[in-house]
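Participant: Sequence:
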Amino acid sequence: MSETIGAQVRKLVGEMSPLGARTAQSDDRLVEDLGYDSLAVIELSLQLEATFALQPMAQGTAVDITTVGGIERLVEEALGAPADAA
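Each residue of the sequence shown is one higher than the one before, counting from 1 in full-length UniProt numbering.
Read the hints as simulated data drawn from the structure, not as lab findings.
Hints may contain errors.
Below are the SDA-like pairs computed for lysine to any residue, each with C-alpha atoms no more than 25 Å apart in a straight line [unchecked claim]:
1. LYS11 <-> ASP37
2. LYS11 <-> LEU46
3. LYS11 <-> ARG22
4. LYS11 <-> PHE52
5. LYS11 <-> VAL63
6. LYS11 <-> ALA21
7. LYS11 <-> ARG73
8. LYS11 <-> LEU39
9. LYS11 <-> VAL75
10. LYS11 <-> ASP27
11. LYS11 <-> SER26
12. LYS11 <-> ASP28
13. LYS11 <-> THR67
14. LYS11 <-> ALA50
15. LYS11 <-> SER38
16. LYS11 <-> GLU49
17. LYS11 <-> ARG29
18. LYS11 <-> MET57
19. LYS11 <-> ASP64
20. LYS11 <-> ALA78
21. LYS11 <-> GLY35
22. LYS11 <-> GLU76
23. LYS11 <-> GLY80
24. LYS11 <-> THR66
25. LYS11 <-> THR61
26. LYS11 <-> SER45
27. LYS11 <-> GLU77
28. LYS11 <-> ALA81
29. LYS11 <-> GLN55
30. LYS11 <-> LEU79
Given the sequences, and given the hints that come with them, work out the whole structure.
Facilitator: Set out below in structure tokens:
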């Protein structure tokens, strides 16, 4: 079977980290651990929309997301997929 949605999200987030490509974990914080700033978050959101064929999200939908796991859940919910088992 192919990678889970969560694994694909972690891989993409890690590859796009402004600090350089790295292995992202669900509990990594976007700003503090991976170096994302507002522009990098916008670029990441556009790439997630393209990769997973997501509809653009309403402004404010992802405002409170601070971790990679938060992005995983958001993408899984948008796709109607069950969350990865921990």
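Participant: Please go over all the hints and tell whether each is borne out by the structure.
Facilitator: Hint check:
no., hint, verdict
1, LYS11 <-> ASP37, "holds (18 Å)"
2, LYS11 <-> LEU46, "holds (15 Å)"
3, LYS11 <-> ARG22, "holds (8 Å)"
4, LYS11 <-> PHE52, "holds (13 Å)"
5, LYS11 <-> VAL63, "holds (21 Å)"
6, LYS11 <-> ALA21, "holds (9 Å)"
7, LYS11 <-> ARG73, "holds (15 Å)"
8, LYS11 <-> LEU39, "holds (19 Å)"
9, LYS11 <-> VAL75, "holds (14 Å)"
10, LYS11 <-> ASP27, "holds (14 Å)"
11, LYS11 <-> SER26, "holds (11 Å)"
12, LYS11 <-> ASP28, "holds (12 Å)"
13, LYS11 <-> THR67, "holds (14 Å)"
14, LYS11 <-> ALA50, "holds (15 Å)"
15, LYS11 <-> SER38, "holds (20 Å)"
16, LYS11 <-> GLU49, "holds (15 Å)"
17, LYS11 <-> ARG29, "holds (15 Å)"
18, LYS11 <-> MET57, "holds (21 Å)"
19, LYS11 <-> ASP64, "holds (21 Å)"
20, LYS11 <-> ALA78, "holds (18 Å)"
21, LYS11 <-> GLY35, "holds (15 Å)"
22, LYS11 <-> GLU76, "holds (15 Å)"
23, LYS11 <-> GLY80, "holds (20 Å)"
24, LYS11 <-> THR66, "holds (17 Å)"
25, LYS11 <-> THR61, "holds (22 Å)"
26, LYS11 <-> SER45, "holds (14 Å)"
27, LYS11 <-> GLU77, "holds (18 Å)"
28, LYS11 <-> ALA81, "holds (18 Å)"
29, LYS11 <-> GLN55, "holds (21 Å)"
30, LYS11 <-> LEU79, "holds (18 Å)"
In the structure shown, no violation is registered for any of the earlier numbered hints.
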